[in-house]
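Visitor: One line per chain: the protein sequences are A, B and C, in this order. Numbering that gives the first Met the number 0 numbers the first residue of the first sequence as 0 and each following residue consecutively. Numbering that gives the first Met the number 0 numbers the first residue of the second sequence as 0 and each following residue consecutively. Numbering that gives the first Met the number 0 numbers the first residue of the third sequence as 0 and each following residue consecutively.
Hint data in this document are derived by calculation from the structure and do not stem from the laboratory. A portion of the hints provided could be inaccurate.
Interface residues of chain B toward chain C, partial, derived using beta-carbon atoms under 8 Å [claimed, not checked]:
1) Thr61
2) Trp65
3) Arg161
4) Ala163
5) Ser581
6) Gly582
7) Gly594
8) Leu597
Backbone N, C-alpha and C define an ideal beta-carbon position, used for all residues, glycine too.
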Amino acid sequence: MTLETVGFWVVATVLLASSLAVVLTPNLFHAVLYLAAALVATGVVFLLLEQPFLFAVQLLLYAGGVVTIVVFAIMLTERLVGERIAQTSRHVVNGAIVAAAVFVGIMGFLIGAPLGAPRPAETGDTTAAIGRALVGPFAVTLELLGVLLVVALLGALHFARSEE
Amino acid sequence: MAPSVWLPLLVLGLPFVAFVLLAVVAPLRRVGPRAGLVSIGAIALAFGAAVTVWTEGFVSETTWAWIPADGGPIATVGLLVDPLSNAMLVLVTLVSLLVQIYSLAYLGDERPASLGRYYTYQSLFAFSMLGLVLAPGFLQMFVFWELVGLCSYLLIGYWYERPAAARAAVKAFWITKLGDVGFIIGIVLLWSATGTFEFTDLFEKAQEHALAIPGLPTIMFLIYLGAVGKSAQFPLHVWLPDAMEGPTPVSALIHAATMVTAGVFMVTRTEPLFALVPEVLTLIAWVGAFTALLAATMACVETDIKRVLAYSTISQLGYMMAAAGAGAAFAGFLHLLTHGLFKALLFLAAGAVIHAVGTNDIFRMGGLFRAMPQTGIVFVVGTLALAGVPPLAGFYSKEAVLGGVWEAHLTGPFLMLALTVLLTAFYMFRVVFIAFFGRAHAAADPHEAPWLMRGPLWVLAALTVLVGVRMALGGAEGHEETPAWLAPLSVGLALVGFALAWAMYQRRAIDPARIAAALAPIDYLARRRYGLDALYAGLYRGFILGFSRLVGWIDRYLVDGVLNVLTALTLRGGDALRRIQSGRAQDYVYGVAFGLLLLIVGAQLWR
Amino acid sequence: MIGLPAYLVLGALVFSIGLFGVLTRRNAVGILLGIELMLNAVNINLVAFARFNGDVAGLVFTLFTISITVAEVAVGLAIVIAIFRVRRTVEADRLDLLRG
């Protein structure tokens with residue numbers, strides 16, 4: 000058992016556990032914290048796949064940005080409503096069946112798929128490759144993404160602004 | 000274009016222009032009497048043109064392609080101008096003109112818009128009748144034939160607020176349509192056998208003996224059926240008495256002088272074709288004579304002055320048809336023309352009487368001769384003409400009819416017609432004695448009609464006399480000699496009828512009730528119109544209404560039922576389906592998830 | 000040595016858990032969290048495929064996904080707050096104006 004194998008199982012366990020906690024915990028605030036854990040675990044998965052740059056992005060944007068925003072949002076709504084927002088679930092059995100069915104469906108594909116190829120050796124600096132791809136073939140996409148982010152920012156501002 | 004073409008076209012076109020003008024320009028129609036002046040002006044001009052056409056003796060045939068096809072048009076429209084149509088043109092325009100002038104006074108109390116409507120119909124009728132007269136082929140004739148039927152319907156139902164008038168209009172329409180169905184089937188069969196609607200083509204073929212079609216008797220019988228309906232022959236005569244619900248001038252024009260004679264005109268026009276089928280001709284003669292007799296007996300017991308005249312019209316139409324059936328179409332046509340004059344006269348005079356007295360019942364009139372002598376004189380002139388007293392117009396034409404029937408060795412019809420001569424004189428003088436002589440009723444204060452109504456009466460009376468005198472001087476022109484004993488016989492019969500009426504209703508030497516008792520079965524039947532009306536009513540109720548109810552039931556429960564079930568299903572289905580739209584985002588996510596599952600399963604299956 | 004299928008199964012599991020959250024959470028914020036999980040699962044898949052096929056495009060796509068997710072969360076939360084102001088609730092069950 001190599002270090003990587005052990006790491007994968009540990010990270011996988013943490014990821015699945017925190018994901019389940021996100022969808023099952025009755026406390027919304029806790030759910031956000033578990034989500035942060037899950038996101039970090041995902042980042043570690045990226046690291047296991049030898050993508051440190053994506054790990055950094057994941058930490059900064061997701062675990063840092065998204066979780067912060069969500070926490071702020073929860074704080075805001077709780078302040079507005081003046082009470083703790085309980086987090087309950089509905090139709091748990093139905094949701095479980097459907098989710099399980101989707102999982103089984105995906106597994107069906109995985110079983111039949113030819114995925115046995117071994118992992119090729121890491122070649123060169125992927126970060127540099129990503130950077131070249133972003134300004135090369137994906138330059139237009141990158142620009143569009145910038146526009147999208149600006150629009151999202153303005154939209155969020157518009158929705159969240161207080162009544163004057 | 001030669002005058003022999005454009006003058007008849009003018010005659011035809013003027014009433015049409017008046018009709019379109021009145022029909023389209025609503026403000027003009029609503030002013031009433033002035034709208035009438037438009038119509039009268041048009042028909043007066045048309046009358047002038049018609050007289051010119053007649054005196055010049057134009058003969059022409061002009062046709063335009065109507066339904067084009069390879070190898071010549073299938074159907075044409077056009078004008079067939081010959082002595083027959085010329086005489087009809089004059090009669091139609093003359094009576095139309097006089098009736099329209101008369102109506103100005105007779106219907107003077109009507110609302111202006113209503114009067115405008117009346118004159119619109121009148122113009123349309125004049126156009127339709129003239130188009131029928133000038134038709135060069137069966138198809139155009141049928142179109143105008145239906146148009147005059149429509150006008151008849153509209154004008155009978157002129158007072159459509161009255162249920163009786165509305166019913167009578169529908170009845171007239173239905174019953175004439177019965178005959179028209181036969182007519183159109185006959186026309187189409189004839190066309191499919193010969194390939195033409197044109198009279199001249201058909202006549203040429205008839206002369207070349209090229210019309211030996213199997214089933215020609217059937218075809219001609221079907222065509223004759225149209226005439227049975229239109230000219231009120233037994234057994235389709237029942238609509239004509241009811242048609243008297245229309246205004247009296249309408250009765251004079253349409254139901255005495257012109258439209259009802261369309262059947263006779265058609266038979267006369269296509270006489271060369273009917274000549275090929277002697278069995279149908281014999282039938283026509285028998286039916287005509289029987290109609291004449293039957294209607295005369297009913298006229299004897301009728302108390303409504305207009306209905307007496309209506310039965311008299313049916314009876315005289317029977318004469319015309321009998322003449323046509325006997326091969327003496329010319330005599331029948333002659334009777335058509337003279338009858339058109341004096342029957343219009345009688346109707347208009349009766350209208351003047353009704354206008355003055357306010358009732359149709361002859362037993363509530365009486366002594367009118369003193370109150371309205373002018374009307375009385377013209378009515379008596381018309382009565383004498385109808386009874387066939389020389390030297391008035393009716394005598395000569397009736398003489399010709401009787402002679403023609405005798406010459407054709409149709410003894411049965413001849414005897415019936417001869418008996419009808421007696422009855423005609425009897426029932427007409429019965430009306431004269433009861434209404435114009437006899438004791439005056441104290442309640443009524445009758446007065447002479449205005450000159451607008453008297454004028455047409457005098458014109459018609461003068462024409463009745465003048466035509467008769469002209470015939471007396473000119474002798475029986477152009478048709479075969481009648482047996483010498485015929486004239487004394489018919490005059491004698493008429494005198495017997497006159498004497499009977501005089502004795503029963505003037506001198507009261509004979510009690511009418513005793514005569515009625517002596518002839519009890521006939522009296523009973525005639526008063527009930529031989530049960531024909533009841534029979535038709537029963538048939539109508541039993542069959543048509545039953546059928547309508549069946550159709551109504553099918554419509555309500557089967558057709559509508561299917562629709563109702565469908566709509567209910569749709570509603571229920573929609574109601575059930577709208578529950579899917581819960582509005583909750585997560586339920587839609589379920590939908591997405593199911594869709595994803597479907598995709599997965601499908602992809603697995605079809606891999 | 001961990002092969003590609005292990006990563007893919009991990010991704011599928013996280014995806015299903017996220018779907019379960021989206022389907023069952025009453026709170027709109029909770030639903031958003033479920034969506035985040037699902038997107039994460041996608042990211043895992045993308046990176047794993049890119050890594051095992053030696054294709055840099057998958058990595059770039061992951062980058063895009065992360066950025067778009069951030070935008071989506073920002074707008075989504077703004078909407079939640081706006082709804083909350085108007086309706087005084089963020090329970091998705093009560094937000095059924097579109098009910099047929």
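Visitor: Each hint: holds or not?
Guide: Evaluation of the provided hints:
A distance limit of 8 Å between C-beta atoms decides the matter here; for B/Thr61 the minimum to chain C is near 71 Å, and the interface restraint is violated. Interface hint at B/Trp65: violated, since its Cβ lies 60 Å from the closest Cβ of chain C, which is beyond the 8 Å cut-off. For B/Arg161, the interface hint is violated, the least distance from its beta-carbon to any beta-carbon of chain C being 57 Å, above 8 Å. The beta carbon of B/Ala163 comes no nearer than 58 Å to any beta carbon in chain C, farther than 8 Å, and the hint placing it at the interface is violated.
Among the interface hints, the one on B/Ser581 holds; its C-beta lies about 6 Å from the nearest C-beta in chain C, closer than the 8 Å criterion. Proximity of B/Gly582 to chain C holds as hinted, the smallest CB-CB distance being about 3 Å (cut-off 8 Å). Contact between B/Gly594 and chain C, as hinted, is not supported at the beta carbon level, the nearest pair being about 13 Å apart and thus beyond 8 Å. Annotation: interface hint on B/Leu597 violated; nearest CB of chain C at approximately 15 Å, more than 8 Å.
Checked against the numbered hints given earlier, the structure breaks hints 1, 2, 3, 4, 7 and 8 and satisfies all the rest.
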